[in-house]
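Start from chain A and add chain B with the ligands according to the hints.
Chains as they are written, first to last, in our numbering: chain A, 1 to 243; chain B, 1 to 245.
Among the clues, some could well be false.
Unchecked claim - Cross-link-like lysine to any residue pairs, in silico, SDA-like; alpha carbons within 25 Å at most: (1) K75(A) <-> P89(B); (2) K75(A) <-> S35(A); (3) K21(A) <-> T157(B).
Keep in mind the hints are simulated off the structure, nothing from the lab.
Treat the numbers as computed from the prediction; the structure is a model and nothing was measured.
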Amino acid sequence: MPPTPAAAVAVTDLVVDRGKKPVLKNVSTAIAAGSVTGLLGPSGSGKTTFIRAVVGTQQVKSGTVEVLGHPAGSKPLRRRVAYVTQDASIYRDLSVKANVAYFAALYGKNRHEAMHAVERVGMGDHADRLAGNLSGGQKTRTSLACALVIEPEVLVLDEPTVGLDPVIREELWDQFRELARQGATLLVSSHVMDEADRCDRLLLLREGRFIADDTPADLRASTGTDNLEAAFLHLIRSLEGVN
Amino acid sequence: MSVRITFITAGRILRQLLNDRRTVGLILAVPALIIALISAIMDDSPQVFDTVGLILLAAFPFMLMFMITSITLLRERTGGTLERLMTTPTGKLDLVVGYALAFGAAAAAQTTVAATVAFVFLGLDTAGPAWVVLLICIVTSMLGMALGLFVSAFATTEFQAIQFMPVFVIPQLFLCGLIWPADQMAGWLQGVSDALPLTYAVKALTEVQLNPEVTDAMWGYLAVVFGAVLVATVLGAATLRRRTN
Ligand SMILES: Nc1ncnc2c1ncn2[C@@H]1O[C@H](COP(=O)(O)OP(=O)(O)OP(=O)(O)O)[C@@H](O)[C@H]1O
Ligand SMILES: [Mg+2]
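The following block holds chain A by itself, in its conformation from the complex (with noise of 0.2 Å):
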């Protein structure tokens, strides 16, 4: 193992325009390694930019991405970091082993590895299906199994846990932490409040801007609440009061 850079992310002064809009307007901020990390925020504030950016595939206006000591998205990084998109990205008409096979493929892992990830996932009775007859959240978990069969060091999940019952995102959390424990570095956004409790530190994007950067207990006390929910629109509100 290289000696492991103190931030697996670090972004700096980020500026990103889509279509002439500012959408993240001067965001900076380091991810540990081996920790998970919640991206929180309303929809449209920039989620997906912000991972884009991480993993990248997002044009920047200005700023730097640095991920584990290199720039965003360059070669070295491609066996490195797995990238969930928000919407699955799977071949249709591949069944989902074959699916995952391809992906595993990819990174020289071979079928067993593959069926393992589809266990992992719990699509193991449905690995014979073809993906473009599963379910929302059944997709979203094939496109999960793609990036888990990679093992990457550094891993980015758009909204994994959208559409998915409280048990399988139980385990999936479980997963992700257990992920996170030996090692890897996660990147988790959501818009559910309930899952911002199991990260390590927050990012709360709002507008283009991220209005917290802390862990969950600091945000807490910080705003004098004790659910994070009401942590967020303490901020939001208090944001507001000063504009």
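Showing chain B with the ligands alone in chain A's frame:
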């Protein structure tokens, strides 16, 4: 570029194609059926069929591969898998050459069926050997594929991709010598015809039709078509963007 990833990609695309039985059926049967139809239309003039049927043998796979490729790549683009692939070790050329291999194999199967039907059952006759005809047809269908790859970058919906047929394919079919000999067209149009790659496929086929031996001219024309395949493939790869807005 990685040979391993290119083959993995080609395997994936072929598997996608094979999972779609109806498309496989259409790919294999349609050109053969159309040529049979043309042969029946030209029942009284087998010499005309020898010319038109021969050109169609190359033109249909060209058209079909253009369509299938542009739509498949467009799906990859709009379905998010392209964005995902761009974060994996897959290089742009790996992907594009993977497409070329997979659809090249499909084109070879298609052309073999159509050519077998034409030569064995419909009495298509050429002075030169049938294997050269097959070779020309396969290279021509790869041209369709390569153009499809390139063009798919400019379409944002499948509907648009289909609309590119009349822009990129139909003029080539009209001007290649299929409906009218190129040397009898208006002078300026001959110039345009000379600039279109499909024209050289027809010239190569005409060489096989007229000469029992495989001529140098045939190889020359075929090389032009193959060159166009390479150029379009590289241009197609260049239209893939790792970073988008
Ligand atoms: N391709 C695009 N072209 C132009 N603008 C875009 C594009 N994609 C997104 N946007 C705009 O950028 C802004 C941020 O979008 P983004 O997808 O990052 O939001 P998000 O926080 O992920 O939202 P959601 O929770 O709904 O997924 C939105 O205002 C959106 O309309
Ligand atoms: Mg989003």
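Each hint, compared with the structure:
Between K75(A) and P89(B) the CA atoms are separated by roughly 7 Å; this keeps the pair inside 25 Å, and the hint holds. Between K75(A) and S35(A) the CA atoms are separated by roughly 23 Å; this keeps the pair inside 25 Å, and the hint holds. Pair hint K21(A) plus T157(B) holds up; C-alpha atoms about 23 Å apart against a cutoff of 25 Å.
Checked against the numbered hints above, the structure breaks none of them.
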